[in-house]
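J.: Chains A and B, in that order, give the protein sequences.
If you want my numbering, it's the position in the first sequence, counting the first as 1, plus 38.
If you want my numbering, it's the position in the second sequence, counting the first as 1, plus 1.
Simulated from the structure, these hints should not be mistaken for lab results.
It is possible that some hints are incorrect.
To be verified - Derived pair list, reagent style DSS-like, types lysine-lysine, alpha-carbon separation capped at 30 Å:
#1 B:59 with A:52
#2 B:70 with B:59
#3 B:69 with A:52
#4 B:59 with B:69
#5 B:59 with A:95
#6 B:70 with B:50
#7 B:59 with B:106
#8 B:70 with A:47
#9 A:95 with A:52
#10 A:109 with B:50
#11 B:50 with B:106
#12 B:106 with B:69
#13 A:47 with B:50
#14 B:106 with B:70
#15 A:95 with A:47
#16 B:50 with B:69
#17 A:109 with A:47
#18 A:95 with A:109
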Amino acid sequence: NAGVTQTPKFQVLKTGQSMTLQCAQDMNHNSMYWYRQDPGMGLRLIYYSASEGTTDKGEVPNGYNVSRLNKREFSLRLESAAPSQTSVYFCASRLISSANYGYTFGSGTRLTVV
Amino acid sequence: AQSVTQLGSHVSVSEGALVLLRCNYSSSVPPYLFWYVQYPNQGLQLLLKYTTGATLVKGINGFEAEFKKSETSFHLTKPSAHMSDAAEYFCVVSDQAGTALIFGKGTTLSVSS
Numbered sequence: 039n040a041g042v043t044q045t046p047k048f049q050v051l052k053t054g055q056s057m058t059l060q061c062a063q064d065m066n067h068n069s070m071y072w073y074r075q076d077p078g079m080g081l082r083l084i085y086y087s088a089s090e091g092t093t094d095k096g097e098v099p100n101g102y103n104v105s106r107l108n109k110r111e112f113s114l115r116l117e118s119a120a121p122s123q124t125s126v127y128f129c130a131s132r133l134i135s136s137a138n139y140g141y142t143f144g145s146g147t148r149l150t151v152v
Numbered sequence: 002a003q004s005v006t007q008l009g010s011h012v013s014v015s016e017g018a019l020v021l022l023r024c025n026y027s028s029s030v031p032p033y034l035f036w037y038v039q040y041p042n043q044g045l046q047l048l049l050k051y052t053t054g055a056t057l058v059k060g061i062n063g064f065e066a067e068f069k070k071s072e073t074s075f076h077l078t079k080p081s082a083h084m085s086d087a088a089e090y091f092c093v094v095s096d097q098a099g100t101a102l103i104f105g106k107g108t109t110l111s112v113s114s
């Protein structure tokens, strides 16, 4: 099925461990995004990639890094996980980085850091 | 800078009643506005969007929203609630550069029989 695929769906990490969240889209979209969702906070932008080869910080980038591996894939890395990074992470994509375009979202990764 | 405020973090209605979810935005440029819905343990789905043109926008599942520039509002309505409408709803504005979407904090809709 066409769309945005995130892996894994669930993950438990110990403080200080590292991991990479994977995201891939097969809609030939140019722009990709990583958000985190916390109760009562809505979704907050971590990083985004407006086009292949570019990445930029969003509202809450500290503690994260990203890689736009190719047009399809955009990964999010936690180098040293902290309990404050316990959250649900959503990857999204859109055809172009233009104000009137909406996103297509993945189903999310639920991350717990203990 | 663009921002959205959703009035009421939780709204409860009876099945068949009117649904009204309130959203006000702040934008220094003509806004592009969206409503997304998130069903329990799922990703987010686009309900409707306003870009230009007609100020009354119709979306999926019988929802609609009206853009009112004078009130800086984009409230979401549905004439008759259904149990399946229970979800979290997000009002969203595009940032000025169009590079990303800015989300409100969400309103959880509960529907009782």
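J.: Each hint needs a verdict: does it hold in this structure or not?
T.: Status of the hints after comparison with the structure:
Distance check on the hinted pair: residue 59 (chain B) and residue 52 (chain A) sit about 46 Å apart at the alpha-carbon level, beyond 30 Å; violated. The straight-line distance between the Cα atoms of residue 70 (chain B) and residue 59 (chain B) is roughly 17 Å, inside the 30 Å bound, and the hint therefore holds. Note on residue 69 (chain B) and residue 52 (chain A): the hinted pairing is violated, with a Cα-Cα distance of about 48 Å set against a maximum of 30 Å. Straight-line distance between C-alpha atoms of residue 59 (chain B) and residue 69 (chain B) comes to about 15 Å, which keeps the hinted pair within the 30 Å bound.
Simply put, residue 59 (chain B) and residue 95 (chain A) have alpha-carbon atoms about 34 Å apart, too far for the 30 Å limit, and the pair is violated. A C-alpha spacing of about 15 Å is found between residue 70 (chain B) and residue 50 (chain B), which places the hinted pair at or below 30 Å, so the restraint holds. Restraint check: the Cα-Cα separation between residue 59 (chain B) and residue 106 (chain B) comes to about 22 Å, which is no more than 30 Å; the hinted pair holds. A C-alpha spacing of about 40 Å is found between residue 70 (chain B) and residue 47 (chain A), which places the hinted pair above 30 Å, so the restraint is violated.
Between residue 95 (chain A) and residue 52 (chain A), the direct Cα distance comes to roughly 25 Å. Compliance with the 30 Å bound is thereby established for this hinted pair. At most 30 Å may separate the alpha-carbon atoms for a hinted pair to count; residue 109 (chain A) and residue 50 (chain B) meet this at roughly 26 Å. For the given pair, residue 50 (chain B) sits about 18 Å from residue 106 (chain B) by alpha-carbon distance, which is consistent with the 30 Å threshold. With a C-alpha separation of about 21 Å, the suggested pair residue 106 (chain B) and residue 69 (chain B) falls inside the 30 Å cut-off, and the hint holds.
Of the supplied pair hints, the one linking residue 47 (chain A) and residue 50 (chain B) holds, its CA atoms being roughly 28 Å apart against a limit of 30 Å. Restraint check for residue 106 (chain B) and residue 70 (chain B): the C-alpha separation of about 21 Å stays at or below 30 Å, so the hint holds. Proximity of residue 95 (chain A) to residue 47 (chain A) is assessed by CA-CA distance (about 24 Å); at most 30 Å being required, the pair is judged to hold. In summary, the hint linking residue 50 (chain B) to residue 69 (chain B) is supported, as the alpha carbons are separated by about 14 Å, within the 30 Å threshold.
Distance hint between residue 109 (chain A) and residue 47 (chain A) is fulfilled; the C-alpha atoms sit about 22 Å from each other, no more than 30 Å. For the proposed pair residue 95 (chain A) and residue 109 (chain A), the alpha carbon gap of about 18 Å is at most 30 Å, so the pair holds.
The structure fails hints 1, 3, 5 and 8 (numbered hints given earlier, in ascending order).
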